[in-house]
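Asker: Starting from the structure of chain A, add chains B and C where the hints point.
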Amino acid sequence: MAGKILLIEDEPHIVEALSFLLEREGWQVVAHSNGADAAQVAALRQPDVIILDVMLPNKSGIEILREIRANTQTAQKPVLMLTAKGQARDRAAAQEAGVSVFMTKPFSNQAIIDTVRSLAQ
Amino acid sequence: MSSETSSFLERDQQAQRKRKTREAAAFLPILGVILLLTPMISVFTQDTRTGGIPNAVFYVFGVWLLLIGLTFLIAPRLQQDDKD
Amino acid sequence: MQPFNLLVTICLIYVIGLFVIAYVAEKGAAEGRLTFLRSPVVYTLSLSVYCTAWTFYGAVGSAARNGLEFVAIYLGPTLVFMGWWWLLRKLVRIGRTQRITSIADLISSRYGKSNTLAVIVTLMAVIGTTPYIALQLQSLTLSFSAFTADSGQSIPSPAVTAFWVAVGLAVFTIFFGTRNLDANERHHGVVTAIAVEAVVKLVALLSVGIFVVWGVADGPSDIFSRMDPELLKGGQIFTPRWVTLMFLSSTAIICLPRMFQVVVVENSVEKHLATASWAFPLYLFGMSLFVLPIAIAGQSELPVGANPDLYVMTVPLAKEQTGLAALAFLGGFSSATSMVIVAAIALSTMMSNHIVLPLWLTLNRGRNPQSDDVRTLLLRARRLSIGGILALGYFYYQITGGTDALASIGLIAFLGVAQVMPALLGGIFWQGATRKAAIAGITTGFALWAYTLFLPSFGGAFILSQTTIDHGPLGIALLRPYGLLGLNIPDHLVHAVSWSIGMNTLVFITTSLFTTPRPIERRQSVQFVNVYGRFSPRSGRSHSAEPEELLVLAQRILGRNTAIKLFNETAAEQGKSRGLPDPTDSFMEKLERDFAGSVGAATAHAMLGQITGGPAVSVEDMMAVADETAGIMEYSARLKAQSEELTKTAQQLRKANLQLMELGEQKDTFLSQVSHELRTPMTSIRAFSEILRDSDQLEPDQLKHFSGVIHTESIRLTRLLDDILDLSFMENGQVKLNIRRTDLGSIIDRAITTTETHLQERKILLKRDLDHEAITVNTDPDRLAQVLINLISNAAKYCSAQKPEVSISCGRSASAVLIDVADNGSGIEAADIDLIFQKFSRLSGVFSAGSAGLGLPISREIMRNLKGTLTYVPTAKGALFRITLPL
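Chains A, B and C, in that order, give the protein sequences.
Each step along the first sequence adds one to the number in the numbering used here, with nothing skipped, and position 43 is 43.
Each step along the second sequence adds one to the number in the numbering used here, with nothing skipped, and position 52 is 173.
Each step along the third sequence adds one to the number in the numbering used here, with nothing skipped, and position 25 is 230.
Chain A extracted, bound-state conformation:
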């Protein structure tokens, strides 16, 4: 068994695509669509890799990342961030907040799978 992935994303079709891809590779995918309690969910579920969307209802991805990093239980977790805006400003903010890998939508499926795999090791 490859491990557990927490997928924080509000767009249902993207959640569906990513879950299909990663589960096929043997991952256990936990999806969560609300930004407000995403960090707590991460602490609770203790995933191996966290996939985080930048734009979420109620709370921005950057804020959630900061909370994850601030919590000792999740501070070391690898976080893959996805954004649809693709602005340099967002990338810089994410890096400052402690992102592991930053990817722009739309992405290639293979790239996601490879990244998650390398992050889990």
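Derived by calculation from the structure, the hints in this document are not laboratory data.
Treat the hints loosely; a few may be bogus.
Simulated pairs of lysine to aspartate or glutamate, EDC-like, Cα-Cα distance not exceeding 20 Å [unchecked claim]: (1) C:K972 to C:D1025; (2) A:K85 to C:D928; (3) C:K524 to C:D423; (4) A:K77 to A:D48; (5) C:K295 to B:E144; (6) A:K59 to C:E1034; (7) B:K139 to C:E475; (8) A:K85 to A:E96; (9) A:K85 to C:E870; (10) C:K872 to C:D928; (11) A:K4 to A:E23; (12) A:K85 to C:D873; (13) C:K909 to A:E16; (14) C:K1072 to C:E936.
Answerer: Quick look at chains B and C alone, frame taken from chain A:
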């Protein structure tokens, strides 16, 4: 007292001195006119003598010398003013 | 050796000595050595040309006749020098800045460079000085004869002596007075020689005085005990004559051409005045200290009938002190020669600059200027003038020699030149003084002087007959020269001073008040009266002059080397490495000033005017110089206005920049939003299409589902792009409307049909008010439906109530139809109301992901295009959007 204030006072004093010198310079010729060009000159030039010399001679030459002396004192200061 | 020969030898040795001194000084000054020559001491000593033979010999004579009266002649200058800060300093400053060459030049320059005035003053100066030169010649011949009277030797007649003296003086003056045409008109050699003569004069008089007091008598009290009591009658010093003499002498120290020459023109350093202010009065004091004792000694020691005017020499001679007498003779000789030399230089400058050169210019108008050299002309004119002046003096002496007319000429000449005083003082202290007034005042005063003093002094021998002098012309007593209009003053001098100076001043002031100065006068008046000011006035000439022409002219006047140097320097200043300088304002002004140093202000102005060709002063220039201060104020006001304008512009720029930055920010945000909205569906499409491509064993259901997602997201993408284009068109007003009369109910029907699926999905109860929907509106039904669809689906999407309801109600006011779309949700927070109509806005609370935030902005744009409005109406419960449509 701040240094600015004191330098201001100094400048003020300098300006005052300058004005006084100029006023003195203006006054000198007037003094000369009063001493030599008014009828009061006759008061000092009566037909009397001091040490065998007529008082009139004493008066005229004395006033003359006095005026020269005063001019001598004031001239260098006026000239300094001019440089400023 | 015979006394006469001895005397001649002494004189010759003395003159040769002076030649050497003058020559060495001239050379030294030219080479920049002998800087002590420019010391205040030399300047002060040179002022002693005031003390002529008339004062050297005559003061004793005057003391013997009138007691202390002679002192007044020295006290006047003393008072003027004491007040140097007020008058002399200004004169010297003006003299330097305006390159004044003579008193005539000063007056002419001040009153608009008027040559008429220059000629008048020059003629006056000649008339006033010629007798004075004759007087010097007479003194010299008298002293010669007095020295040799007892020798019984046959000596040349006085006329011959006078002739040779005049010739000798002319040669000396020509040699040192016209060696070169200095731009400053200074004569170092002559001045140095005169300073030496000043020392000789003083030493001679002091020596005789000391000899008289301690050699002849037994100290001061002894000498005064021998005094005739009538000489100093108590209370008789202060008389009208005393005041008059003081006035005349103080005027003379400035107005006499030779005094103006040494005080103003020869002054090289202004601060020398400060020393001279006390040193010159001290010199005069020394010159008069022993005058009274010598007079007393002469009266008591010499036989009755001896000429008091020669006591200085005859007293030592009577005591057989030949050496001392010779020294006294040399003192008198020095006094006479220095006066004649300086007077001749001053007068020749005036005559050549103001009479000869203007005449030559007039005669040569239009001639090729290269053929003649003005310098040569000027030097020749000066040499001839010097010769002419001495010749005039000699003939005057020949005609009137030995008469009373000559003896009394000193004070008469003083009054003649004093006529310049009102114009001079008015000129440098009063801007309102005009040229016409100066001419009127000076001629009035001069005429009165001639009539009441000068002409009668000939005692009926010249123009006015004795009868006229005694009884008035044609027997009209009121017009008697010595009692004009019945004015009965016994002293003719006081009478003449009162009339001439009084009327002169009166005419000068009144004419000034009633005449307007010409523009050039106004310019000059500003420069003279405000000579200490720092602004440089504008030049009043249009500079059409060619630089080549100017150079030719400058070479003629200044000499080749000086002119080329000046032009090269100016060109360098103008930043030109080669070639001639441009005739700029400042250059022309400098040229004119330099020329003025050689030929006088009026002539320089005329010469440059002739070259430039244009009118001397244009109307604009007149306006500009009318009030220099106003000009400066205007300029500074303009500067201030400009800086204010700049500040304003800068503010506007800052504001515009801020707006641009804001717009840029908005654009960035918008693009970022558009990117997000487009990428989100794209991500799903790409992810699923890659799954479809890469996976071989997919269930048919999965295959169908994934293809369906791709389809849905593609539609979403298309709709989004449509919306963006739609909004862009509508914002630019490019939308095409299809306006027609339609039933409102049917439009609402269409909107509900389209959104039915949404409503049913979320189990939303829809409430309608069919009764009020029966309104016919004039609008684009498709667009209105679009707005309604947007509002209903929004309500359906975001209503958070347990039992969601959406109600559509209609109504009409006087001018509009109202359509309200409301839900029973939590409504929109007050802070967000403004945001909801912005593109892609997402509200902090209820917004769910996946929605393009373009619905409300598009709806609002549609309503705007339909001439209606779309507003959010805050209510107690739920959200309420209100559409208004014009009827």
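Asker: Now look at each hint and say whether the structure bears it out.
Answerer: Right, here's what the structure says about each hint:
At most 20 Å may separate the alpha-carbon atoms for a hinted pair to count; K972 (chain C) and D1025 (chain C) meet this at roughly 11 Å. With a CA separation close to 19 Å, the supplied pair K85 (chain A) and D928 (chain C) stays within the 20 Å bound. The straight-line distance between the Cα atoms of K524 (chain C) and D423 (chain C) is roughly 15 Å, inside the 20 Å bound, and the hint therefore holds. A distance of roughly 7 Å separates the Cα atoms of K77 (chain A) and D48 (chain A); the hinted pair therefore holds under the 20 Å criterion.
The hinted pair formed by K295 (chain C) and E144 (chain B) meets the criterion: a straight-line CA distance of about 17 Å does not exceed 20 Å. Between K59 (chain A) and E1034 (chain C), the direct Cα distance comes to roughly 18 Å. Compliance with the 20 Å bound is thereby established for this hinted pair. Distance hint between K139 (chain B) and E475 (chain C) is fulfilled; the C-alpha atoms sit about 19 Å from each other, no more than 20 Å. Proximity of K85 (chain A) to E96 (chain A) is assessed by CA-CA distance (about 17 Å); at most 20 Å being required, the pair is judged to hold.
The straight-line distance between the Cα atoms of K85 (chain A) and E870 (chain C) is roughly 15 Å, inside the 20 Å bound, and the hint therefore holds. Our distance criterion of 20 Å between C-alpha atoms is met by K872 (chain C) and D928 (chain C), whose separation comes to about 17 Å. In summary, the hint linking K4 (chain A) to E23 (chain A) is supported, as the alpha carbons are separated by about 10 Å, within the 20 Å threshold. With a C-alpha separation of about 11 Å, the suggested pair K85 (chain A) and D873 (chain C) falls inside the 20 Å cut-off, and the hint holds.
Distance check on the hinted pair: K909 (chain C) and E16 (chain A) sit about 14 Å apart at the alpha-carbon level, within 20 Å; holds. Using a Cα cut-off of 20 Å, the hinted pair K1072 (chain C) and E936 (chain C) holds, with the two alpha carbons roughly 14 Å apart.
The structure is consistent with each of the numbered hints, conforming to all of them.
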